[in-house]
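Going line by line, the protein sequences match chains R, X and B.
First residue of the first sequence? That's 0 in numbering that gives the first Met the number 0, and the numbers climb one at a time after it.
First residue of the second sequence? That's 0 in numbering that gives the first Met the number 0, and the numbers climb one at a time after it.
First residue of the third sequence? That's 0 in numbering that gives the first Met the number 0, and the numbers climb one at a time after it.
Keep in mind that the hints were calculated from the coordinates and are not lab data.
Note that the structure is predicted; figures quoted are calculated from it, not measured.
Among the clues, some could well be false.
What the hints assert, rightly or not - Non-contacting residues of chain X with respect to chain B, defined by C-beta distances greater than 12 Å in every case (computed): (1) Pro104; (2) Met143; (3) Pro145; (4) Lys152; (5) Arg161; (6) Tyr168; (7) Asn225; (8) Arg332.
To be verified - Derived pair list, reagent style DSBU-like, types lysine-lysine, alpha-carbon separation capped at 35 Å: (9) B:Lys64 / B:Lys44; (10) B:Lys59 / X:Lys336; (11) R:Lys136 / X:Lys342; (12) R:Lys113 / B:Lys85; (13) R:Lys113 / R:Lys232; (14) X:Lys162 / X:Lys151; (15) B:Lys64 / R:Lys136; (16) X:Lys270 / X:Lys152; (17) R:Lys136 / B:Lys34; (18) B:Lys34 / X:Lys162; (19) R:Lys225 / R:Lys107; (20) B:Lys59 / X:Lys92; (21) R:Lys113 / X:Lys162; (22) R:Lys40 / R:Lys136; (23) X:Lys151 / X:Lys270; (24) R:Lys266 / X:Lys92.
To be verified - For each label pair, taking beta carbons as the anchor points, the in silico distance ranges come out as: (25) B:Lys59 / R:Val256: 44 to 54 Å; (26) R:Ala103 / B:Lys59: 16 to 26 Å; (27) R:Leu68 / B:Lys44: 34 to 44 Å; (28) R:Arg239 / B:Thr95: 51 to 61 Å; (29) B:Asp62 / R:Ser268: 37 to 47 Å; (30) X:Leu233 / R:Gln267: 33 to 43 Å; (31) X:Asp148 / R:Pro34: 53 to 63 Å.
Positions of the beta carbon are idealized from the N, C-alpha and C atoms, including for glycine.
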Amino acid sequence: MPNRSFIRLTLAACAAALVAGMTLAQAQAPGYRAPRAPDGKANLNGIWQAMNTAHWDIEAHSAAPGPVLELGAAGAIPAGLGVVEGGPLPYRPEALARRNENRANRLKLDPEVKCYLPGVPRATYMPFPFQIIQSQKHVMLVYEYAGAVRTVYMTDHVEAPADSWMGWSNGRWEGDTLVVDTRGFNDLSWFDRAGNFHSDALHVVERFTPRSADTLNYEVTVEDPKVFTRPWKMSMPLYRRVEPNAQILEFRCVEFVEELLYGHLKKQSGK
Amino acid sequence: MNRRSLVSIGLLTLASPVVLSVNLAGQAPAASAARAVPAAKAAAPKPYTPPKTPDGQPDLQGFWTNSTYVPLERPQGVTKEFYTPEEAEAAIKAAAAREAEQTEPGTTADVHYDFSQFGLDRSQSTFARSLRTSLIVDPPDGRMPPVNDEGKKRAAERAAARKQAGGPYDAVQNMPIGSRCIIMGGAGPPLMNAGYNANYHIVQSPGYVMILTEMIHDVRIIPLDNRAAPDRNLRQWVGVSRGRWEGNTLVVETTNFNGRNPVRGASENMKVTERFTRVADDMIEYKFTIEDPATWDRPWSAEAPLAKTNGPIFEFACHETNYGIANILAGARAEEKAAAEHKKGSN
Amino acid sequence: MRATLAVLITCAGVVLAAGQVRAHHAFAAEFDVNKPITLKGSLVKWEMVNPHSWFHVTVKEPDGKTSNWLIEGGSPNQLIRMGVTKNTVPIGTELTIEGYRSKDGALKAVGRNFVLPDGSRLFLGGSAPGGTPDKK
């Protein structure tokens with residue numbers, strides 16, 4: 000007859016195995032093995048796009064009127080189940096106040112409105128495709144939105160020489176998962192249109208894992224001790240753009256915002 | 000002809016003793032010293048076989064620069080196609096010295112940060128060396144062909160529109176495209192010398208060649224699947240590119256330009272054909288041909304080699320921190336206000 | 000031969016990339032050639048951004064008050080390739096900056112020359128406070 004501690008140990012081991020199994024299942028559909036890139040690594044090359052409303056708000060949110068009256072329903076906010084795992088974002092109290100202020104003044108404050116580079120991970124789930132171009136030394140992430148681009152250094156890892164909008168990314172493979180570790184962000188980008196933000200202490204780890212021929216699992220751990228009380232995770236599938244002539248097109252939006260940004264400095268006629 | 004002279008010259012970085020002695024960290028000193036190949040060694044070059052990418056494409060990958068002292072057009076008074084090595088050296092020395100020269104205080108030229116303090120003069124970074132007197136190789140006189148009547152008409156219309164728009168600082172839309180951080184000359188196509196930060200990063204994956212232009216983080220992704228050009232109603236600043244390999248040469252055709260950043264006055268129907276061939280570990284032979292019957296009655300071509308350089312290419316986010324636009328416009332408005340008040344005072 | 004060389008040297012001298020020529024032009028519109036200025040201050044922050052970097056400098060006036068100036072410099076990208084990082088010029092570095100004041104009257108200027116206390120010009124010849132920039 001097994002004693003109590005043996006039973007307890009066995010149950011604990013079973014529970015651990017169950018949890019491990021579940022975590023693994025989130026990352027990769029059991030049994031799916033992606034085709035190989037020519038160098039033997041999983042082939043993540045392709046044009047990908049998120050299909051959710053995280054770009055509006057990464058937390059769960061109801062449908063709501065948009066910030067621009069004249070757009071009516073065309074500019075209204077669709078609902079979202081949220082891509083952040085485990086409930087609301089763990090803001091420090093003063094940071095939460097700032098997030099709410101951001102949200103209340105989003106037209107003036109959201110960097111997306113000004114066509115500024117979107118930062119990470121926002122670039123991934125903007126409503127635009129991006130392309131992964133995979134080589135041994137560098138994996139390039141090329142985003143249609145504002146022509147943003149990230150170089151993921153797969154070898155010769157160094158620290159960020161200076162801060163930037165898209166950060167400095169060092170990458171490695173863990174099995175078929177591309178792990179991208181990014182630091183060296185400035186504090187100027189947001190996570191979404193809802194005012195969720197970060198500081199220059201932001202540290203993002205992304206994991207891209209093939210889950211089927213035309214989908215990836217995208218998991219992100221975000222750490223920013225100046226803004227959040229603990230690290231938090233988001234995850235979502237990414238869908239391959241399968242049109243035969245799919246390509247990243249230009250969204251060179253600087254021109255679209257010049258009047259907004261500089262119109263007040265124009266020479267007034269008659270003066 | 001071209002290839003032989005370019006290959007036998009080799010590529011020099013700042014390690015050449017005849018130019019400025021400043022050589023900051025970041026260059027690969029051993030490599031550049033070793034590469035000071037005397038020009039006299041003009042023997043027939045060994046045929047070069049480029050390495051291949053894992054999927055079998057000739058490997059063009061790495062960091063490259065098209066910084067050069069060679070002008071697009073042959074200077075007036077020069078009739079030959081190539082300088083002697085001594086002449087080329089003298090021209091480079093003079094240009095390098097001029098760039099490092101102190102400007103005269105109180106002049107417009109002095110109202111600028113000093114390029115050399117930021118490493119931005121050509122002598123402080125790798126440049127592609129060539130004995131050519133011009134990048135243009137066709138027409139054979141090294142100069143642009145004449146603009147035809149349709150091209151002249153378009154140029155006149157553009158000039159009239161600019162005049163209509165008012166002064167250069169009346170509005171942001173009147174300022175140069177590059178100052179507005181929309182696109183800069185290095186992106187092309189064709190790839191033109193940007194003046195500084197004239198760098199590119201080429202990365203290849205199966206079916207694609209990607210060219211990242213440093214300024215303004217401009218990426219061209221060139222598909223190699225023989226796809227057709229898009230519908231004429233889709234137009235882009237950089238056009239739409241399609242590529243194919245012809246032996247070891249990547250041939251890229253680009254059409255569907257929006258005509259807003261014309262190469263030397265070209266129309267939106269310009270077609271650019273580029274040819275990239277790795278001819279040495281540290282050099283890509285880059286040739287381009289411009290065809291635009293709406294501007295020139297004949298195509299014209301240039302050769303502008305790409306020299307291997309070192310990275311990284313740091314993010315050139317431009318619009319985000321382009322404080323100069325607001326400063327310039329505000330400055331112009333302040334001057335107008337002061338002039339108006341002065342006028343009022345003297346009435 | 001001499002004539003050809005002379006032509007070459009003259010022509011080579013005017014070969015400035017189009018971008019550089021344009022840049023000259025715009026700077027003279029932003030800053031006033033008639034308002035040269037020399038500032039002595041300590042570095043608060045070097046914004047290593049493009050298209051031009053910006054030095055935030057606290058300047059001590061003769062009357063003891065301090066003012067905060069914004070000085071425009073060049074793109075940091077080539078310096079980064081040469082090993083310069085955000086740690087190269089420490090906060091508090093004393094700088095003498097010669098330049099021209101902003102046309103709109105703000106406490107802004109373009110920095111023609113950034114000079115360190117030992118008289119060397121910032122970044123030239125590898126000079127930065129604390130010695131050569133980090134090599135990669």
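Distance restraint between R:Lys225 and R:Lys107, which requires alpha-carbon spacing of 35 Å or less: 23 Å, holds
35 Å limit on alpha-carbon distance, applied to hinted pair B:Lys34 and X:Lys162: Roughly 30 Å between the alpha carbons, so the hint for B:Lys34 and X:Lys162 holds.
Outcome of range test on Cβ distance (X:Leu233, R:Gln267; 33 to 43 Å): The hint (33 to 43 Å, Cβ to Cβ) holds, given that X:Leu233 and R:Gln267 are roughly 37 Å apart.
Restraint status (C-alpha distance of B:Lys59 to X:Lys92 at most 35 Å): Given pair B:Lys59, X:Lys92 is violated - Cα atoms ~42 Å apart, limit 35 Å.
Distance restraint between R:Lys113 and X:Lys162, which requires alpha-carbon spacing of 35 Å or less: Within the cut-off at roughly 29 Å; holds.
Agreement of X:Lys162 and X:Lys151 with the hint, judged by alpha carbon distance not exceeding 35 Å: Satisfied, since the Cα-Cα distance of roughly 16 Å is no more than 35 Å.
Distal placement of X:Met143 relative to chain B, Cβ over 12 Å: Label holds. Min Cβ-Cβ 15 Å, cutoff 12 Å.
Distance restraint between X:Lys151 and X:Lys270, which requires alpha-carbon spacing of 35 Å or less: With Cα atoms ~19 Å apart, X:Lys151 and X:Lys270 stay inside 35 Å; holds.
X:Asp148 paired with R:Pro34, Cβ distance criterion 53 to 63 Å: Between X:Asp148 and R:Pro34, where Cβ atoms are some 56 Å apart, the hint holds.
R:Lys40 paired with R:Lys136 [C-alpha distance capped at 35 Å]: This hinted pair holds, its Cα atoms lying about 12 Å apart.
Satisfaction of the hinted span 51 to 61 Å by the C-beta atoms belonging to R:Arg239 and B:Thr95: 57 Å, holds
Assertion that X:Asn225 lies farther than 12 Å from chain B (Cβ): Correct as stated: the minimum Cβ-Cβ distance to chain B is 35 Å, above 12 Å.
Consistency note: the structure conflicts with the earlier hints numbered 1, 6, 8, 11, 15, 17, 20, 24, 25 and 26.
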